[in-house]
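For the protein sequence lines, the chains are A and B, in the order given. Just so you know, we're using our numbering here: the first sequence kicks off at 62 and counts up by one. Just so you know, we're using our numbering here: the second sequence kicks off at 62 and counts up by one.
One or more of the hints may lead you astray.
Because identical chains cannot be distinguished in the list, a pair is counted as satisfied if it fits within a single copy or across any two copies.
[As the list claims (entries may be wrong)] Listed below are the simulated DSS-like cross-link pairs for lysine-lysine, each with C-alpha atoms no more than 30 Å apart in a straight line:
id, residue 1, residue 2
1, LYS224, LYS289
2, LYS393, LYS432
3, LYS459, LYS432
4, LYS224, LYS432
Hints listed in this document are in silico derivations from the structure and should not be mistaken for laboratory results.
Single-letter residue listing:
2 protein chains.
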Amino acid sequence: MEFFDIAETWNRDEIRQAQLVRLRNTVEQAMRSSFYGATLRKAGITPDSIRSLDDLRRIPFTTKDDLRNQYPDGLNCVPRTEMVRMHASSGTTGSPTVVYHTQSDLNAWADLMARCLHMVGVRRDDVFQNMTGYGLFTGGLGLHYGAERLGCLTIPAGPGNTKRQVKLMRDFRTSVVHIIPSYALYLAAAVEEGGEDPHALPPRIAVIGAEPHTEEARRRIEEMLGLKAFNSYGLSEMNGPGVAFECTEQNGMHVWEDAYIAEIIDPATGEPVPDGEVGELVMTTLCRRGMPVLRYRTRDLTRFLPGECPCGRVHRRLDRMVGRADDMLIIKGVNIYPMQIEQVLMAFPEVGQNYLIVLEREEFIDQIKVKVELRDEAFVEDMRVLQGLQKAIARRLKDEILVTPRVELVQNNSLPKAEGKAQRVLDLREKP
Amino acid sequence: MEFFDIAETWNRDEIRQAQLVRLRNTVEQAMRSSFYGATLRKAGITPDSIRSLDDLRRIPFTTKDDLRNQYPDGLNCVPRTEMVRMHASSGTTGSPTVVYHTQSDLNAWADLMARCLHMVGVRRDDVFQNMTGYGLFTGGLGLHYGAERLGCLTIPAGPGNTKRQVKLMRDFRTSVVHIIPSYALYLAAAVEEGGEDPHALPPRIAVIGAEPHTEEARRRIEEMLGLKAFNSYGLSEMNGPGVAFECTEQNGMHVWEDAYIAEIIDPATGEPVPDGEVGELVMTTLCRRGMPVLRYRTRDLTRFLPGECPCGRVHRRLDRMVGRADDMLIIKGVNIYPMQIEQVLMAFPEVGQNYLIVLEREEFIDQIKVKVELRDEAFVEDMRVLQGLQKAIARRLKDEILVTPRVELVQNNSLPKAEGKAQRVLDLREKP
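Let the hints inform the model, and build the full structure from the sequences given.
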């Protein structure tokens with residue numbers, strides 16, 4: 062196999078050794094900022110006190126609020142004159158979060174991004190059409206620099222103007238697109254409505270990200286456009302895209318552990334979850350000079366996928382994000398995320414568009430009930446068929462959330478909707 | 062004085078020597094494209110046949126139609142795999158014009174752009190807020206790469222969202238902005254309406270371009286925002302911005318003659334105009350490998366400013382663009398551009414917003430009449446005052462256009478308007 066970076070070939074030992082060295086460097090560098098200078102000293106952390114990777118857990122978390130409170134310069138570790146780029150979150154009121162980059166930070170980011178693209182087969186003879194917004198949004202410039210770094214013919218198309226996007230694809234034989242999932246579906250439908258076959262469009266690879274989407278949506282994009290779609294994960298606090306990316310196995314996103322340390326914690330306790338369980342992703346930069354960030358609480362929920370990836374890379378794989386930590390429900394002491402339930406339900410072809418998770422407390426014990434709409438054609442009269450489906454759903458849910466729910470099958474369009482948007486959770490428990 | 066590039070210090074001889082060598086290289090490179098391979102051979106041009114810069118005039122012009130006809134690849138001189146960027150003009154019907162860049166072309170473009178910014182005092186400790194669109198429009202990415210090349214802290218703000226732009230300026234102490242002139246005026250007015258003083262905003266330098274604007278508009282931007290505004294000229298066929306740029310003298314834009322050859326021709330005959338006269342700008346790239354363009358008819362009208370620039374650079378200065386070649390009028394064999402007339406009129410404080418140029422033929426001789434609206438307060442009863450003004454305007458017009466017009470002063474709002482937009486030219490001559 063061909064690799065873009067030697068770090069892709071490292072084994073777990075090599076990754077851990079590099080992480081330890083770079084974590085020490087990062088702590089040393091971070092202490093030059095007013096924020097980490099104070100918080101690390103307070104926690105008794107010095108670079109020398111990082112003797113093993115386990116010492117990472119002695120470092121306090123950094124939250125989005127910390128970033129907001131330090132606006133605009135409190136995490137900077139080099140003078141502003143050494144910074145060459147700034148990205149900020151949107152918002153005109155309150156303080157946005159800001160990330161600064163030195164030239165070497167930008168170079169390292171472009172390298173990581175190029176590595177992601179290379180991993181799924183993008184090469185310098187590819188034509189890369191970048192169909193997302195540029196500007197402060199990190200997705201546009203992030204992929205742009207990565208594709209240019211790889212030597213692709215990069216078309217900075219930007220978002221929207223479907224007719225023109227399609228013309229560019231055809232005229233320049235675009236082989237790779239970077240596109241928001243919902244826009245990919247829209248574009249495919251628009252081409253089809255125009256009486257043409259979206260399957261015949263030239264792209265063979267789509268990079269999709271920046272928006273939560275299901276596996277079903279990905280498969281639909283692939284089928285409609287006749288290409289392979291790869292999930293990309295990133296967040297501006299960790300540069301943007303280039304943090305984790307699917308390989309050609311399309312089974313989880315390899316997080317680049319030579320550049321980041323990823324942890325998954327219980328958002329309620331801050332403790333690591335058992336391997337393979339869903340929790341909040343916590344990220345530490347290992348290669349940033351301008352503005353390192355330690356143990357950043359992303360609020361994104363995911364888990365490490367177990368086992369080895371057939372692609373040969375041992376950088377651990379993150380599962381698709383299953384929601385935000387703020388959505389977490391605690392039932393019988395177990396953390397459950399609505400997205401986990403949705404994923405199970407949507408795998409049943411009989412299930413319609415809506416469902417409702419009802420939480421109740423009966424004699425001091427939490428109960429979870431899931432009301433599930435069935436498609437009209439699935440709502441048959443034969444009770445045995447319905448009971449069989451009900452049991453199958455309950456079984457699959459228990460496998461996923463470790464709690465046995467009561468499943469109630471209801472008619473299509475019978476569940477309440479709030480302002481056109483389906484209500485997903487109804488918590489009837491008294492607050493403790 | 063401090064220079065960014067040694068080429069800024071060259072004298073005319075050095076510029077000419079470099080131009081001759083690079084023109085030969087460019088012809089040699091251009092012949093690798095199917096388009097120039099054919100047209101140069103047909104014109105009997107070989108690299109060796111370029112013995113002096115005068116031989117440039119033996120090379121046929123390249124027009125926008127040529128670029129359209131060669132869509133999408135006909136001017137490419139290297140395989141597409143060596144190209145890393147493509148910019149295209151807008152338009153979904155017909156063929157857009159396309160410009161390709163190799164990595165070395167992009168590097169050279171960023172260097173030229175950095176040189177422009179450096180010339181007006183931008184340095185690595187500046188904060189550069191890029192307030193134009195990114196994507197296929199060359200202005201956004203062009204300035205972005207230039208500012209990053211210079212080491213400025215670059216904020217890719219993109220266009221619009223005035224409130225946020227102002228917040229970014231204040232919070233990050235933005236010292237340099239790249240902004241469309243009409244948006245600069247809008248932003249200043251918006252801040253003023255919000256009860257604040259736009260003069261107090263941090264930026265000390267504005268780079269303005271991408272839109273025709275008058276000297277009056279520039280001065281207004283400077284006064285309202287309390288900064289120095291510098292004109293930038295470029296066109297996507299010549300990369301984009303970075304072709305010509307004002308120095309701190311603010312008296313014409315130095316065209317970088319080590320990277321381009323600029324000619325000014327009579328758009329009707331194709332012959333060079335006498336030095337200092339207005340004509341169509343024709344440009345030749347000297348440093349492009351991927352897609353050189355020879356003698357490109359820009360359709361932009363300007364003139365070389367005479368004399369030496371006190372800044373010490375001998376790269377010739379282009380005057381502000383006075384319009385498009387397609388607007389040219391021929392009167393008594395003289396080429397006249399409506400913009401020339403407008404500039405003369407707008408220098409008179411008595412003159413209102415509208416005017417009308419009427420062309421007539423009397424006994425086979427062209428006549429030009431200019432109807433000029435006066436402001437209400439200037440439309441006085443005293444005929445001697447009005448006659449004096451009439452004569453003064455006629456005299457200044459003759460100095461500019463070399464033909465004596467009849468000047469007619471009319472009341473405010475009395476001239477015809479077509480769809481809200483003022484009609485500027487009424488040609489009553491029979492077509493020959």
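Intra/inter-copy verdict for LYS224 and LYS432 if alpha-carbon distance must be at most 30 Å: neither (42 Å within a copy, 45 Å between copies)
Status of LYS432 relative to LYS393 across identical chains (alpha carbons, at most 30 Å): For LYS393 and LYS432, only the intra-copy Cα distance (19 Å) is at most 30 Å; the inter-copy one is 86 Å.
Intra- versus inter-copy proximity for LYS289 and LYS224 (alpha-carbon distance at most 30 Å): Close inside one copy (22 Å), not across copies (41 Å); limit 30 Å.
Within, between, both or neither, where LYS459 and LYS432 count as close if Cα-Cα is 30 Å or less: within (15 Å within a copy, 85 Å between copies)
Against the hints set out earlier in the document, a violation occurs for number 4 only.
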